[in-house]
Amino acid sequence: MVGFLTQCETPPKPIDNYKPAAAYQGQHPESYRLGYQFGSNDARQGLTESYERYHYQYLEPQRQAFAEGYEYGYRNYDAPDGPPEVTGLTAKVGQGQITVLENGVAVSTIKSASPNIEAHHFTENRADIVVKSRGAHGPATVELFDARTGRLKDKVLAYAIRYGEPAWARGMQD
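To convert, take the position in the sequence shown, counting from 1, and add 16; that gives this note's numbering.
Do not rely on the hints blindly, as some may be mistaken.
The following label-pair restraints were derived from C-beta to C-beta distances [as the list claims (entries may be wrong)]: (1) Leu63 - Leu168: 34 to 42 Å; (2) Gln43 - Glu65: 18 to 26 Å; (3) Gly154 - Asn119: 19 to 27 Å; (4) Ala143 - Thr64: 28 to 36 Å.
The calculated DSS-like cross-link candidates involving lysine-lysine, where the alpha carbons are at most 30 Å apart (straight line), are [what the hints assert, rightly or not]: (5) Lys169 - Lys127; (6) Lys127 - Lys108; (7) Lys127 - Lys171; (8) Lys108 - Lys171; (9) Lys108 - Lys169.
Derived from the structure by calculation, the hints contain no laboratory data. Every value quoted in this text rests on a predicted model; they were computed, and no experiment measured them. We treat Cβ as the ideally placed atom computed from N, Cα and C, and that holds for glycine.
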């Protein structure tokens with residue numbers, strides 16, 4: 017029954033400083049909105065609260081915004097304004113390729129250097145996508161692609177990423 021609680025069920029925990037995604041004014045609002053969406057979905061599906069399972073969705077400077085959004089989305093998934101709509105670019109991972117979707121419609125297909133995609137993320141402005149792939153063994157390759165065209169812009173071996181350089185590959189080092 018929807019809307020009725022038994023003695024075993026507890027309602028979602030409200031939090032004092034709840035901010036819907038549309039009202040978030042901090043740094044990295046896209047990361048906040050993405051975290052909010054993942055948190056809402058996890059709560060709706062009955063999963064445990066753990067934003068860290070999505071570590072590949074954010075860079076280290078975006079962690080706090082993503083975590084805040086996740087927490088608010090998880091704890092308030094049935095808030096009156098509901099979760100935010102996912103707009104813009106998202107990625108669907110396949111074997112050796114990523115399909116970039118805009119509002120659910122494919123705009124490009126990216127072929128990675130190796131068949132096993134270990135991690136990927138969009139850059140802050142979501143214009144590019146960074147992909148880390150590896151074969152069955154050996155070094156991983158990190159590539160930078162234009163998200164809309166799928167054109168390769170740069171690449172580097174993961175073990176060659178040092179001291180956060182190149183900046184676009186930060187967080188993908190081995």
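> Quick one, are Lys127 and Lys108 close enough, alpha carbons at most 30 Å?
Replying inline: holds, 12 Å
>> For Lys108 and Lys171, compute the direct alpha-carbon distance and say whether it is at most 30 Å.
In response: Satisfied, since the Cα-Cα distance of roughly 21 Å is no more than 30 Å.
> Does the Cβ distance between Leu63 and Leu168 fall inside 34 to 42 Å?
Replying inline: Given about 35 Å between the Cβ atoms, the range holds.
> Is it true that the C-beta distance of Gly154 to Asn119 lies inside 19 to 27 Å, as the hint says?
Replying inline: violated, 37 Å
> Do the alpha carbons of Lys169 and Lys127 lie within 30 Å of each other, as the hint requires?
Replying inline: Holds - the C-alpha atoms of Lys127 and Lys169 are around 13 Å apart, at most 30 Å.
>> Check whether the Cα positions of Lys127 and Lys171 lie no farther apart than 30 Å.
In response: holds, 13 Å
> Is 18 to 26 Å a correct range for the gap between the Cβ atoms of Gln43 and Glu65?
Replying inline: holds, 23 Å
> Does 28 to 36 Å hold as the CB distance between Ala143 and Thr64, or does it fail?
Replying inline: Given a distance of about 34 Å, which is inside 28 to 36 Å, the answer is holds.
>> Please verify whether Lys108 and Lys169 have alpha carbons no more than 30 Å apart.
In response: holds, 20 Å
Against the hints set out earlier in the document, a violation occurs for number 3 only.
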